[in-house]
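**Student:** Here is what each chain is made of, one letter per residue.
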Amino acid sequence: KAGVTQTPRYLIKTRGQQVTLSCSPISGHRSVSWYQQTPGQGLQFLFEYFSETQRNKGNFPGRFSGRQFSNSRSEMNVSTLELGDSALYLCASSFLGQGMDTQYFGPGTRLTVL
Amino acid sequence: GESVGLHLPTLSVQEGDNSIINCAYSNSASDYFIWYKQESGKGPQFIIDIRSNMDKRQGQRVTVLLNKTVKHLSLQIAATQPGDSAVYFCAENTNTGNQFYFGTGTSLTVIP
Numbered sequence: 001k002a003g004v005t006q007t008p009r010y011l012i013k014t015r016g017q018q019v020t021l022s023c024s025p026i027s028g029h030r031s032v033s034w035y036q037q038t039p040g041q042g043l044q045f046l047f048e049y050f051s052e053t054q055r056n057k058g059n060f061p062g063r064f065s066g067r068q069f070s071n072s073r074s075e076m077n078v079s080t081l082e083l084g085d086s087a088l089y090l091c092a093s094s095f096l097g098q099g100m101d102t103q104y105f106g107p108g109t110r111l112t113v114l
Numbered sequence: 115g116e117s118v119g120l121h122l123p124t125l126s127v128q129e130g131d132n133s134i135i136n137c138a139y140s141n142s143a144s145d146y147f148i149w150y151k152q153e154s155g156k157g158p159q160f161i162i163d164i165r166s167n168m169d170k171r172q173g174q175r176v177t178v179l180l181n182k183t184v185k186h187l188s189l190q191i192a193a194t195q196p197g198d199s200a201v202y203f204c205a206e207n208t209n210t211g212n213q214f215y216f217g218t219g220t221s222l223t224v225i226p
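Residue numbers (the working numbering), protein chains in the order written: chain A, 1 to 114; chain B, 115 to 226.
The set of hints was computed from the structure by calculation and includes no laboratory data.
By construction, the Cβ of each residue, glycine as well, lies at the ideal position given by its N, Cα and C atoms.
Just to be clear, a hint being listed does not mean it is correct.
[To be verified] Pairwise CB distance ranges (calculated): (1) 60(A) with 171(B): 32 to 40 Å; (2) 132(B) with 13(A): 42 to 50 Å; (3) 41(A) with 193(B): 27 to 35 Å.
Please model the complete structure; the sequences and the hints are all you need to start from.
**Tutor:** In structure tokens form, the structure reads like this:
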């Protein structure tokens, strides 16, 4: 099976712009979670989607949003970019996203905001 | 909120030695744990997991130990190799939860 894929791998944006990141989960996986990773902060949970519905959300401002399509692919959007949004954005998929359901990560999208 | 912490942010070991990476968790309701390895420029890679009804689980060259009494998790890597150099994260979840909580990571450096 192919792993989790994320596109693009690298992005450079300027403050105030918006960005859309894409994630394709492992075939058959219906849960997609998004994380932000910055130096010293570890992985911080953004949100999780299951069956096209946001099921769980972390403590991020409303500028961060996402959606999931019927084929389980997911996108996340960040509007009005700030310098502090520079990070590695990771997507993880799991079969059902419940409790003891292993999450598998993609390679991430490196976002740089100038 | 949840808190998953690592005792040591960095660890250096000689090639061939065993490595032990520790993790403390705060939620006594957590009953599923995963160790991930993240190499530079890559996403976290699943290494091994353990459920709370187990104290120990072994994989290829790796062993995870769970001590629920003191809420402590450890990852042991046998015969550490240069390819093991990476940042290691522990993650926890509850049986009914759909959100993992991650530690800040331990950077392992293997000295040839």
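**Student:** Which hint numbers does the structure go against, in order from smallest to largest?
**Tutor:** Going through the list in order, the structure violates no hint and respects every one.
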